[in-house]
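A.B. asks: Sequence:
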Amino acid sequence: MTSVRELNKQRTRAAIADTATRLFLVRGFDKVTIAEVAAAAGVAKMTVTNYFPRKEDLVFDLAEELISGPADTVAARPAGESALHALRRACLEGLERREPALGFAGPEFARMVRESPALTARLREIHEQRESALAAVLAETAGVDPGADDADLTPRIAAAQLDTVRRIVLGEALRRNAAGEDPERIARELSRCAASGFDLLEPALGDYAVRTAE
104 MTSVRELNKQ RTRAAIADTA TRLFLVRGFD KVTIAEVAAA AGVAKMTVTN
154 YFPRKEDLVF DLAEELISGP ADTVAARPAG ESALHALRRA CLEGLERREP
204 ALGFAGPEFA RMVRESPALT ARLREIHEQR ESALAAVLAE TAGVDPGADD
254 ADLTPRIAAA QLDTVRRIVL GEALRRNAAG EDPERIAREL SRCAASGFDL
304 LEPALGDYAV RTAE
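So the sequence shown is numbered by my numbering: it starts at 104 and just counts up by one.
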């Protein structure tokens, strides 16, 4: 059970992020300071930086979910399912729900991210961290020590290929949402593209990292 203290911390964090996002959407990410966010949220500047050490994470307050999502999906896949099939299922279900983590957070938000060099740089970093997290899970499945000098690089190579579909889908969803296209149409068309992308990977990775029954 989550304690009252932890619930209060979660509420404070969410309130700060929501306040910051509203300011960023009105004035632009690069023109709003941490001090202004703190004042608008009614907290001390140090409180903001305690929850969000980097200004960019006020926008990507779901960064942990963005980074760990594919790795968690693969780790939780049922017996008999490969990493590719688990990621394909999760991506297509996410598009059907038009998840913010796949670029469906509204046109204003999408434009803000695309127009800020700092935010696009942070998004690239998130992509790299997500790929590394996925590679770690694949290495564990394969019984590979990724830190060894002679480590098998297959999990890293597979992670890079498997995450490419999600990366491209997210970038395209942001671009098209920023342009004001209909979200339902975007999701429908990107679902077809994502399915085709995973189909291309199927011959090489369809049987890779299949979870065995415990």
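No lab work stands behind these hints, which were simulated from the structure alone.
It is possible that some hints are incorrect.
[To be verified] Computed cross-link-like contacts, DSS-like style, restricted to lysine-lysine with a CA-CA straight-line distance of at most 27 Å: (1) K148 to K112; (2) K134 to K148; (3) K158 to K112; (4) K158 to K148; (5) K134 to K158.
A.B. asks: Which numbered hints turn out to be false for this structure?
C.D. replies: none
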